[in-house]
Amino acid sequence: MIGFLQNLIDALSLGSLYALAALGIGLLFGILRLANFAHGDFITVGAYALIVPSLDVTAKMFIGHWPIILMVPTVCIVVVVLALLADALLFRPLRRASAPTLMIASFALGYIIQNVILMFYGARPKAVDLWSNLSQQVEIGPVRVPQLQLVTIAVTIVLTVGLTLFLRRTSFGVQMRAAAEDFRMARYLGVRANFVVGLAFAISGLLAAAVSLLFLSQSGQLSNSLGVPLMLFAFIATVIGGMGSLTGAVVGGFGVGLVSTMLQAYLPPELRPFRDAFVFAVVILILLYRPGGIIPTKALVQRV
Amino acid sequence: MDEFGPQMMMRKYWPLMVLSVGVLAIVAVGDAFGGEQLQTTLIEMLIRMIVVVAMQLFIGNSGVLSFGHIGFMCIGAYAAAWATCEPSWKQLMLTGLPEFLQSAQWPFPADIFMAGALAALVALLFGAVVIRLSGIAASIATFAFLAIINSVYSNWESVTAGTSSIIGIPTLGGPWPTVIFVLLTMLGGFLFQNSRYGLMLRASRDDDVAATACAVEVIRVRLIAFVVSAFFVGIGGGLYAHFLGVLTVDVFYLNLTFITLSMLVVGGVGSVSGAVIGVVAVTVVVEVLRSLEAGFAVGAAHFALPEGSQEIGLGLIMALILIFRPSGLTRSREIPWPFTTRSTTSASSQTPADDVAAAAPEPLKGAAE
Amino acid sequence: MLEVEDIHVNYGRLVALRGVSVNVDEGEIVCIIGPNGAGKSTMLAAIAGGVPLQSGTVRLAGQTISGMVPEAISRLGVSLVPEGRHVFGTLSVAENLRIGTFQRRDRANVNKDFERILEHFPQLRERLNQPGGRLSGGEQQMLVIARALLTRPRLVLVDEPSLGLAPRIIDQVYEILIDLRRRDGLTLLINEQSSDRVLKFADRIYVLRDGRVQLHDQAANLRGGQAIMSAYFGFQDRHNAPPSERTSS
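Residue numbers (this note's numbering), protein chains in the order written: chain R, 1 to 304; chain G, 1 to 369; chain U, 1 to 249.
Any given hint might turn out to be false.
To be clear about the criterion: a stretch of chain R counts as covered by chain U if any three or more of its residues have a C-beta under 8 Å from a C-beta of chain U, and this derived list gives those stretches [as the list claims (entries may be wrong)]:
id, region
1, 170-177
2, 185-192
Over 10 Å on every C-beta distance to chain U, these chain R residues come out as not near it, computed from the model [unchecked claim]:
id, residue
3, T58
4, L134
5, G141
The set of hints was computed from the structure by calculation and includes no laboratory data. Glycine included, every Cβ here is placed at the ideal spot set by N, Cα and C.
If we strip away everything but chain R, and leave its shape as in the complex, we get (with noise of 0.2 Å):
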């Protein structure tokens, strides 16, 4: 039982950042219908974003040795500048684009910020210690709990209320949601494109900025790939929950937590290694018998 338990709360910390990174890509989705593979190196920008650049094996910190109060918001604002300049410069140009060639383009930047990165910090993983004291345990009835865990899924709750009652409650937030509804007719009603477009974006750097802490706090390493797995989860976590959802992006991020969770701690040991490609599988099953996701919006519906 107490196993199950602390499964069960490692499941809920992984599906946090999952949820996390799954919001980013799904907010674009949903306005723009720009499946963003380069997010995963928005998350990786940030998170190199602590270090001195040098082509050194060791990393010096640099904003990382900044206080929090300090530090935490100037990794948003750098993420948040990449989102934006990534829009101004590519896919604005790119606004009436198949969604295909927004897919490639998405890519394309991904492998551009992956070998700046490699041309000013050097291909080899470097080790950095962000936070390292959150990995003490703390006591919870019967289980053990890392901090990190807990901050993981407070930091997921406060963002992802915030980012709620922000589109519920804000004028902007309900010219987004038109928006991501009817664009044109959004646009016919007077909602400027390119502002919420770029609301968009930056929220979405912001979701990126929050998840590259949080992992690099818990994995300790820098590499230029940082970001791609977790890219390829949150991915997979709007597809399942429903493509332009964000409700389906946060159900999604759980449930693959859950999955891939669940399937490490349950698998027979010769499968465990085989773990991810279990979970892909599951994604493709999922998107066989409901191609729209848990939660499909109607926009994805084709009017015939």
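Let chain R serve as the given structure and place chains G and U on it in line with the hints.
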């Protein structure tokens, strides 16, 4: 004008003739005058040509963007390795391989066809399951396929030597054996494109709903394209194994997927000519960047682009093409028939595609215009 | 107030509008009628900035608006109620109504307008917090008109308001539009398929067919005459058109 008469046939296969001559010329020149570095680049280019033309066969005709084809390259490569490695080595290192594979050894061209066949088989199994999906769901499914293959092959140590490598794959001398397969693949691409199946697929590409309403068996034909395409990619993979001599799984993942996709996009998704020209163009650019990275001396000073410029350059080119010329260098058209006849406006087999996937954008309300 | 001058609009190789010119004076109700595929929806969309013009100009009160983005044109006081309603189904009725008000400069009047509009559309008041997608067809049509009016437009473009609605509801819709024209001095440009209704209250009528204006006159002159029918169905054209055009109809 008779669609299948001799004159029409000439026109339709004219690009194949031009491309074949072009490829042969490039290889002949490179072989005669190039050093070892150039030879290597040449062979790698030819192998990528096979893969990209095969990708074009599926993506260009069906309009479905597939991120998973490098998975078939992986399958083909390892199949060729299993077929040609020393039995004693296999029995020692790859204990998971079935008995008959361990003890046997097949000679050169046979193993390549086996590689293609295995890839085609996997494509048939996987495709039968997912080919129903369309649009983004399909693309993501192919991405998942790539990830699955990568995960399975990386971890199935007893069969693939996992993250260490398979060594001792006999290498081929020179580019000429590979060239033959290139010509075969191009032929396959044109045959499919000009066939009933190709026509049906392109009709469904442009309007899924209308095509289904006309009782076109979209699904069946798409599967055929998928399997044929995987066959040739598998062949490319088998040749790649021989080229490398040493196999690891991580070669067949996102980087190679990006490179091959960008070659296809740069050249033009909608045509075989596009695939071929794209491979040549990107190879040339990457080579130029590579030599700039190596640097050159001007007087006493040494100028060199920083490491990683190749990749960034490739990424930037991709982005620029997507923005300014999404239909690619060839505008997704084949090499045109240069001799005009009285009715030059007749029978164009390609509709100019003004977007990457050569597919009409789905009528989603969400597209910001 | 609105001058549409010789506009051409293409969708790829398909020509939707071939040199259409329309004028609407302030306070007028002008109707465009014509068969399906005539280009009526395209024209309204082009005026509102939703589709690009191949050539030609659109001017609003002397200012050129062709080439501007839809949201900018909306801010100048043009409101489009497109065909098919386009209610934001996942947003509540209240949110639907408020969307257009965010861009208004006269913040003080927004709430007043809100109240006023709800008086005209009492059914909406009852459903303020329900998702827009749950309303009936007629209610949705009310909603999108109310929504368009809340942007405080000078010119309202309505695309086939009666499509798919019961006659009683259509009457209601038109009563409201005419009332608003009277009270607020709105200018209306309305697409319709059926000519009966249109003849009753329009000031002027254009008949559009095959992307061209076939007929244009005061409504008073057209009542009871055959002219509309001929223009609508192209009776005369068929005999006189050159061979290539004949095959295209």
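Do the hints match the structure? See the list:
| no. | hint | verdict |
| --- | --- | --- |
| 1 | 170-177 | holds (count 4) |
| 2 | 185-192 | holds (count 8) |
| 3 | T58 | holds, 51 Å |
| 4 | L134 | holds, 38 Å |
| 5 | G141 | holds, 40 Å |
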